[in-house]
Amino acid sequence: MNEKINKLEEIVNILTNKESNVYFFTLDTKNSPSGEVKYTYDLALSLFEMGYNVTMLHQEDEFVGANEWLGDRYDVLVHKNVKEENVTITPSDFLFIPEVLVNVMTQTKTLPCKRIMIYYNPSYFMDYMPVGMTLSDLNIYDVITTNENLQEKIKSYFPNINVQIVRPVIQEFFENDDAPKKLIVNVITSNSNEVNDIIKPFYWKNPIYKWLSFRDLKGAPQRVLGDMMKEAAITVWVDDNTNNAQMALEALKSGSVLIAKVPQTTPEWMMDEDDWRFGIIWVDSYEMLHNTIASVVRGWTRNNILDQYLNMSDVVKNVFTKSTQVADIEKSIVKGVFDATLNTYKQILSAEKNNELKIEE
Amino acid sequence: MKDLTIIIPLAEYKDEHASLYQRSFKSITYADTSSEVSVIVIGPTSAINEAKNFDFGEREVLFIENNKNAELQFQINKAVKDVKTSYFSVLEFDDSYTDLWFKTIEHYTKHQPETTLFLSLMEVFDNTKPELDAIAYANEPVWAASFSDEIGYLDNDSLKNYYNFIVSGGVFKKSDFLSVGGLKNNIKVFFWYELLLRLTQNDKKVFVVPKIGYEHYVNVEGSLSSAYASMSHHELDFWFKTAQEEYLYKTDRKKEYVSPVTEENNAN
Numbered sequence: 001m002n003e004k005i006n007k008l009e010e011i012v013n014i015l016t017n018k019e020s021n022v023y024f025f026t027l028d029t030k031n032s033p034s035g036e037v038k039y040t041y042d043l044a045l046s047l048f049e050m051g052y053n054v055t056m057l058h059q060e061d062e063f064v065g066a067n068e069w070l071g072d073r074y075d076v077l078v079h080k081n082v083k084e085e086n087v088t089i090t091p092s093d094f095l096f097i098p099e100v101l102v103n104v105m106t107q108t109k110t111l112p113c114k115r116i117m118i119y120y121n122p123s124y125f126m127d128y129m130p131v132g133m134t135l136s137d138l139n140i141y142d143v144i145t146t147n148e149n150l151q152e153k154i155k156s157y158f159p160n161i162n163v164q165i166v167r168p169v170i171q172e173f174f175e176n177d178d179a180p181k182k183l184i185v186n187v188i189t190s191n192s193n194e195v196n197d198i199i200k201p202f203y204w205k206n207p208i209y210k211w212l213s214f215r216d217l218k219g220a221p222q223r224v225l226g227d228m229m230k231e232a233a234i235t236v237w238v239d240d241n242t243n244n245a246q247m248a249l250e251a252l253k254s255g256s257v258l259i260a261k262v263p264q265t266t267p268e269w270m271m272d273e274d275d276w277r278f279g280i281i282w283v284d285s286y287e288m289l290h291n292t293i294a295s296v297v298r299g300w301t302r303n304n305i306l307d308q309y310l311n312m313s314d315v316v317k318n319v320f321t322k323s324t325q326v327a328d329i330e331k332s333i334v335k336g337v338f339d340a341t342l343n344t345y346k347q348i349l350s351a352e353k354n355n356e357l358k359i360e361e
Numbered sequence: 001m002k003d004l005t006i007i008i009p010l011a012e013y014k015d016e017h018a019s020l021y022q023r024s025f026k027s028i029t030y031a032d033t034s035s036e037v038s039v040i041v042i043g044p045t046s047a048i049n050e051a052k053n054f055d056f057g058e059r060e061v062l063f064i065e066n067n068k069n070a071e072l073q074f075q076i077n078k079a080v081k082d083v084k085t086s087y088f089s090v091l092e093f094d095d096s097y098t099d100l101w102f103k104t105i106e107h108y109t110k111h112q113p114e115t116t117l118f119l120s121l122m123e124v125f126d127n128t129k130p131e132l133d134a135i136a137y138a139n140e141p142v143w144a145a146s147f148s149d150e151i152g153y154l155d156n157d158s159l160k161n162y163y164n165f166i167v168s169g170g171v172f173k174k175s176d177f178l179s180v181g182g183l184k185n186n187i188k189v190f191f192w193y194e195l196l197l198r199l200t201q202n203d204k205k206v207f208v209v210p211k212i213g214y215e216h217y218v219n220v221e222g223s224l225s226s227a228y229a230s231m232s233h234h235e236l237d238f239w240f241k242t243a244q245e246e247y248l249y250k251t252d253r254k255k256e257y258v259s260p261v262t263e264e265n266n267a268n
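Order-wise, the sequence lines are chains H and U.
In this text, residue positions in the first sequence follow my numbering: the first is 1, and each later residue adds one.
In this text, residue positions in the second sequence follow my numbering: the first is 1, and each later residue adds one.
Read the hints as simulated data drawn from the structure, not as lab findings.
As the structure is a computational prediction, the values presented were derived from the model and not from experiment.
Be careful, since some hints might not be right.
Here are some of the chain H residues that sit facing chain U, going by a computed Cβ distance under 8 Å [stated by the list, open to error]:
1) 180
2) 208
3) 212
4) 213
5) 301
6) 303
Listed below are the simulated DSS-like cross-link pairs for lysine-lysine, each with C-alpha atoms no more than 25 Å apart in a straight line [to be verified]:
7) 261(H) with 218(H)
8) 210(H) with 129(U)
9) 358(H) with 7(H)
10) 255(U) with 160(U)
11) 52(U) with 78(U)
12) 103(U) with 181(H)
13) 205(U) with 182(H)
14) 173(U) with 250(U)
15) 181(H) with 173(U)
16) 182(H) with 173(U)
17) 84(U) with 110(U)
18) 14(U) with 68(U)
19) 205(U) with 84(U)
20) 68(U) with 81(U)
21) 7(H) with 18(H)
22) 4(H) with 358(H)
23) 255(U) with 78(U)
24) 181(H) with 2(U)
25) 317(H) with 331(H)
26) 26(U) with 78(U)
27) 110(U) with 174(U)
28) 173(U) with 188(U)
29) 110(U) with 205(U)
30) 2(U) with 173(U)
31) 2(U) with 205(U)
32) 205(U) with 81(U)
33) 181(H) with 210(H)
34) 110(U) with 181(H)
35) 109(H) with 18(H)
36) 210(H) with 160(U)
37) 181(H) with 205(U)
38) 182(H) with 110(U)
39) 103(U) with 182(H)
40) 81(U) with 173(U)
Heads up, the beta-carbon is just placed ideally off N, CA and C, and yes, glycines get one too.
Here chain H stands alone, though its shape is the one from the complex:
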């Protein structure tokens, strides 16, 4: 019994002193940019900067990682291959697992640590979660997600799960500057077919604009993406199943006029303030999109674009910043998960001590 209390006290001390190991399981996209991977690394980096012992875990024999497209600020994060290196997990540790890695959730369900699912992409979760299996079957009772829409969704499936929100962060180099914009139309889509649906019919319908340059932003490293967004006058965004519309927001922060096809679920930040909704040029079909691109190009070349569409970089500059994510992490992870875990162990410790007292009596 003393041994059990001693172990519980040790766990409580580690948790109290922020000496836990915080592990993040990550995919290896072989340097191909991924919103989910970025989100995972941003959480990890923020916690590292807040003083936690953070380690990225993977199970790739030839791990390439994400530093090339994410940037070298993430070089501080230690990486370990669980297949080759010894990783000891204790009850005072925390393990974050992206929703796509259901196999990892299954393999780790008997680990003594607190495991938290990162719920970023609902379609991955649908694809990989077996029929009939629940999160509690996997011993997962905590979820971190990016917005209220996703929070409501996952809670509707699993009402007894603790779901906390940590908003994504957009790097500070997605910003506007005073330099004149170039007449380039950036295109942001979720797949290549959509790029063709935008560009090819546009040229067929508008031969007078056969010279206009479109640029597909898919796959660009973050810094390069920042430069490309900053220099382009106009951005077209099509993503029916978006969760956060992060790239749309990056375009707005960079000072680009945004033409957006209305998605199936509109991200919260777009609905929060009237300015934000009315500062975007909305279309509801590809036909309307083609005509709108032509109108916007003509208007832009004639300095006839309304200020509400040109000034969005000022309006959205405080959305998804590093400081908002840190505040969310403090609330949702540190207090919502770490401190909650600490309190649980304190209660268990207290109960054990009371039991021992009763036995002694």
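Starting from the structure of chain H, add chain U where the hints point.
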């Protein structure tokens, strides 16, 4: 934009030019709402007398009577000698600037001070049907992704494949214009093209601002370029090839077109 002079070369005055003068001169007031630019009007006495009737506001205006040579390149070269600002722009009397063009240019000169010539993206209208939308764009190819080495800029190689750039309305850095030798009086028709080749050959930067700054009207009777409309295909071809040869030389070498008919007669 203070550091800018507008040069307006005129042809012999005709009554039908009155409305063109109004449209073009007035456009300066819309493009330059701060009344900061200077103006040089150059042309035959008949045209100068008419131009003096227009109110240019508080702008500094110099009128130069020139009854010697009405050709565009001669008049521009002559007027440039009196330009006191760092930049100048040529306004053909049958064309017009768009609103706030000079404010746009000022922004670009601030961020691209190394650029020698800022051309304008243009919408081209048919003067016989002004109620219609633009029939084409001009100066637009540089904004196609693979046209030149750097998007937005002309380079010598791309100019060899495409020559149809409209330079009127563009804003020149005077020192660079003079350092490459200015326009060549001996090159007809394609003197702007020859100058562009010479500028880019000498590593001078030519950029097309992706804003509509100038409206160019075609099919205008009595315009300075309308004289070229009657040239034969053979002569046009001669001047085009001459431009492509002469840009390597700073000096304005004497060139004379000889028509095939004259050549045949001489041979006989």
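Hints, one by one, checked against the model:
1. About 6 Å separates the beta-carbon of residue 180(H) from the nearest beta-carbon of chain U, less than 8 Å, and the hint is met.
2. Among the interface hints, the one on residue 208(H) holds; its C-beta lies about 7 Å from the nearest C-beta in chain U, closer than the 8 Å criterion.
3. About 7 Å separates the beta-carbon of residue 212(H) from the nearest beta-carbon of chain U, less than 8 Å, and the hint is met.
4. Residue-level restraint check for residue 213(H) holds (minimum Cβ-Cβ distance to chain U is 4 Å; threshold 8 Å).
5. Because the beta carbon of residue 301(H) sits about 5 Å from the nearest beta carbon in chain U, less than 8 Å, this interface hint is met.
6. Look at residue 303(H): its Cβ gets to within about 6 Å of chain U, closer than 8 Å, so that hint holds up.
7. For the given pair, residue 261(H) sits about 17 Å from residue 218(H) by alpha-carbon distance, which is consistent with the 25 Å threshold.
8. In summary, the hint linking residue 210(H) to residue 129(U) is supported, as the alpha carbons are separated by about 24 Å, within the 25 Å threshold.
9. Distance hint between residue 358(H) and residue 7(H) is fulfilled; the C-alpha atoms sit about 20 Å from each other, no more than 25 Å.
10. Among the hinted pairs, residue 255(U) with residue 160(U) is consistent with the structure: their alpha-carbon atoms are about 21 Å apart, no more than 25 Å.
11. Distance check on the hinted pair: residue 52(U) and residue 78(U) sit about 19 Å apart at the alpha-carbon level, within 25 Å; holds.
12. A threshold of 25 Å between alpha carbons decides the hint, and for residue 103(U) with residue 181(H) the separation of about 15 Å falls inside it, so the pair holds.
13. Between the alpha carbons of residue 205(U) and residue 182(H) the distance comes to roughly 16 Å, so the proposed pair stays at or under 25 Å and holds.
14. Of the supplied pair hints, the one linking residue 173(U) and residue 250(U) holds, its CA atoms being roughly 17 Å apart against a limit of 25 Å.
15. This hinted pair checks out: residue 181(H) and residue 173(U) have alpha carbons roughly 22 Å apart, not beyond 25 Å.
16. At most 25 Å may separate the alpha-carbon atoms for a hinted pair to count; residue 182(H) and residue 173(U) meet this at roughly 21 Å.
17. Proposed proximity of residue 84(U) and residue 110(U) is supported: the alpha carbons are some 19 Å apart, at most 25 Å.
18. Taking the CA atoms of residue 14(U) and residue 68(U), the gap is near 18 Å; set against the 25 Å cutoff, the hint holds.
19. Among the hinted pairs, residue 205(U) with residue 84(U) is consistent with the structure: their alpha-carbon atoms are about 22 Å apart, no more than 25 Å.
20. A C-alpha spacing of about 16 Å is found between residue 68(U) and residue 81(U), which places the hinted pair at or below 25 Å, so the restraint holds.
21. A hinted pair counts as satisfied when its Cα atoms are at most 25 Å apart, and residue 7(H) with residue 18(H) qualifies at roughly 17 Å.
22. For the hint linking residue 4(H) to residue 358(H), the alpha-carbon distance of about 16 Å falls within 25 Å, and the restraint holds.
23. A distance of roughly 20 Å separates the Cα atoms of residue 255(U) and residue 78(U); the hinted pair therefore holds under the 25 Å criterion.
24. The hinted pair formed by residue 181(H) and residue 2(U) meets the criterion: a straight-line CA distance of about 23 Å does not exceed 25 Å.
25. About 22 Å separates the Cα atoms of residue 317(H) and residue 331(H), which keeps this hinted pair within 25 Å; it holds.
26. The straight-line distance between the Cα atoms of residue 26(U) and residue 78(U) is roughly 24 Å, inside the 25 Å bound, and the hint therefore holds.
27. Taking the CA atoms of residue 110(U) and residue 174(U), the gap is about 16 Å. The hint holds against a cut of 25 Å.
28. Restraint check: the Cα-Cα separation between residue 173(U) and residue 188(U) comes to about 23 Å, which is no more than 25 Å; the hinted pair holds.
29. A C-alpha spacing of about 15 Å is found between residue 110(U) and residue 205(U), which places the hinted pair at or below 25 Å, so the restraint holds.
30. Distance check on the hinted pair: residue 2(U) and residue 173(U) sit about 14 Å apart at the alpha-carbon level, within 25 Å; holds.
31. A hinted pair counts as satisfied when its Cα atoms are at most 25 Å apart, and residue 2(U) with residue 205(U) qualifies at roughly 22 Å.
32. In summary, the hint linking residue 205(U) to residue 81(U) is supported, as the alpha carbons are separated by about 22 Å, within the 25 Å threshold.
33. At roughly 20 Å between alpha-carbon atoms, residue 181(H) and residue 210(H) fall within 25 Å of each other, so this suggested pair holds.
34. With a CA separation close to 14 Å, the supplied pair residue 110(U) and residue 181(H) stays within the 25 Å bound.
35. Under the criterion of a C-alpha separation no larger than 25 Å, the hint pairing residue 109(H) with residue 18(H) is consistent with the structure, at around 24 Å.
36. With a C-alpha separation of about 20 Å, the suggested pairing of residue 210(H) with residue 160(U) holds against the 25 Å cut-off.
37. Of the pairs offered as hints, the one joining residue 181(H) and residue 205(U) holds, with about 18 Å between alpha carbons and a cut-off of 25 Å not exceeded.
38. Taken as a hint, the residue 182(H) and residue 110(U) pair is honoured in the structure, with Cα atoms around 15 Å apart against an allowance of 25 Å.
39. Between residue 103(U) and residue 182(H) the CA atoms are separated by roughly 17 Å; this keeps the pair inside 25 Å, and the hint holds.
40. For the proposed pair residue 81(U) and residue 173(U), the alpha carbon gap of about 13 Å is at most 25 Å, so the pair holds.
In the structure shown, no violation is registered for any of the earlier numbered hints.
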